Amino acid sequence: MESLKEDLKKQIIEQLNLEDLQVSDIDDDSLLFSADGVGLDSIDALELIVLMEKFYGIQVTNPEEGKDAFLTINTMADYIEKNRN
Amino acid sequence: MSFITACCQISEEACAVNGNVIVRKDEQSADSWFKQLYKELALDYPKFYKMDMLAQAGFLASEFIKKAFPELVSSYADDEIALLFANSESSSDTDIRFKESFQKRKSPSPSLFVYTLPNIVLGELAIRNKFYGENMFAVFPKFAPEFFLQYGSVMLATGSKAVLAGWLNILKGKVEVSVFLIEENKADGLPFNKENIIKCVGLADQA
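Residue numbers (our numbering), protein chains in the order written: chain P, 1 to 85; chain A, 86 to 292.
You may find that some hints are simply not true.
[What the hints assert, rightly or not] Chain A side only, calculated, beta carbon under 7 Å to chain P, not exhaustive:
#	residue
1	F187
2	K191
3	P193
[To be verified] List time: in silico PhoX-like cross-link candidates among lysine-lysine, alpha-carbon distance up to 20 Å:
#	chain 1	residue 1	chain 2	residue 2
4	A	K151	A	K191
5	A	K257	A	K271
6	A	K259	A	K227
7	A	K151	A	K120
8	P	K10	A	K110
9	A	K151	P	K10
10	A	K246	P	K10
11	A	K246	A	K151
12	A	K120	P	K54
13	A	K132	A	K151
14	A	K151	P	K54
15	A	K257	A	K279
16	P	K5	P	K54
17	A	K215	A	K152
18	A	K120	A	K259
Calculated directly from the structure, the hints in this document are not laboratory data. These figures come from a predicted structure and were not determined experimentally. Glycine is no exception: its CB is placed at the ideal position from the N, C-alpha and C atoms.
So that you can see chain P by itself, here it is in the shape it has in the complex (with noise of 0.2 Å):
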């Protein structure tokens, strides 16, 4: 789990495009949407849905789920976990 979500951070700053921000900037329950967590917004949501599918091979197809699942590194971590074939 923890390889998990340390590969998840990098794959979040190198599609995000977040260069300047390193593994250990991101807090594993650091919020991803808040201005006092991480700072994404509804463009990055998308690349994140691009992301789960490209990656972790799971389509994010309900909106609901994807605004539980994308709240953390934790919570995408459980996410994929319970999802991926």
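Assemble chain A onto chain P, guided by the hints.
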């Protein structure tokens, strides 16, 4: 009469406010130059990391001006500060990265795409500072001090009390950033004229 009351210049190696160097690039640091400047400001604004370098440049220079003179921005209503920016490279730095992103990854990146217009930096400054005044971003073949003088004067004559202006050129490692504040009836600055605009921007050879 209008005056240039503050200016911030950022090059590839140093950042100066009103002509005084306040930060020099640490070549040994693992952080990028702009991240070093962001850390120097000690701000908590994670959106900074999402911005492209052009938007980061405008953000950093305006924050250094605010840090040095906090009363400058707070003394105006939200629609009294206009934004007047220009450059000669447009958003080419990000345009190239965007092109490379879909050539390399075979899918265009939305987070890069949103920065493929140079005036996005104005939106970032407006969001950060809640500026609702006039704004303009122009692209010229080269540095054009007359543009700042003429357009800035029009802004000040039509309701704006201050103008945050800047020349922001970012391309493949080139960092040519100058942001300056123009205010009315402030005698403690430089008169707002072509010579002083050139002096503030520091591009006498290009003017």
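Going through the hints against the structure:
A cut of 7 Å between beta carbons decides the hint on A:F187: the least distance to chain P is about 12 Å, and the hint is violated. With 7 Å as the threshold, the beta carbon of A:K191 stays out of range of chain P, its nearest partner Cβ sitting at about 10 Å, so the hint is violated. The beta carbon of A:P193 comes no nearer than 10 Å to any beta carbon in chain P, farther than 7 Å, and the hint placing it at the interface is violated. Restraint check for A:K151 and A:K191: the C-alpha separation of about 41 Å exceeds 20 Å, so the hint is violated.
With a C-alpha separation of about 38 Å, the suggested pair A:K257 and A:K271 falls outside the 20 Å cut-off, and the hint is violated. Under the criterion of a C-alpha separation no larger than 20 Å, the hint pairing A:K259 with A:K227 is consistent with the structure, at around 15 Å. Our distance criterion of 20 Å between C-alpha atoms is met by A:K151 and A:K120, whose separation comes to about 18 Å. Proposed proximity of P:K10 and A:K110 is contradicted: the alpha carbons are some 26 Å apart, above 20 Å.
For the hint pairing A:K151 with P:K10, the CA-to-CA distance comes to about 34 Å; that exceeds 20 Å, so the pair is violated. Between A:K246 and P:K10 the CA atoms are separated by roughly 46 Å; this puts the pair beyond 20 Å, and the hint is violated. With a CA separation close to 16 Å, the supplied pair A:K246 and A:K151 stays within the 20 Å bound. Annotation: proposed proximity of A:K120 to P:K54 is violated, straight-line Cα distance about 30 Å (limit 20 Å).
Distance check on the hinted pair: A:K132 and A:K151 sit about 18 Å apart at the alpha-carbon level, within 20 Å; holds. Using a Cα cut-off of 20 Å, the hinted pair A:K151 and P:K54 is violated, with the two alpha carbons roughly 43 Å apart. Simply put, A:K257 and A:K279 have alpha-carbon atoms about 29 Å apart, too far for the 20 Å limit, and the pair is violated. Using a Cα cut-off of 20 Å, the hinted pair P:K5 and P:K54 holds, with the two alpha carbons roughly 16 Å apart.
Taken as a hint, the A:K215 and A:K152 pair is honoured in the structure, with Cα atoms around 17 Å apart against an allowance of 20 Å. Of the supplied pair hints, the one linking A:K120 and A:K259 holds, its CA atoms being roughly 16 Å apart against a limit of 20 Å.
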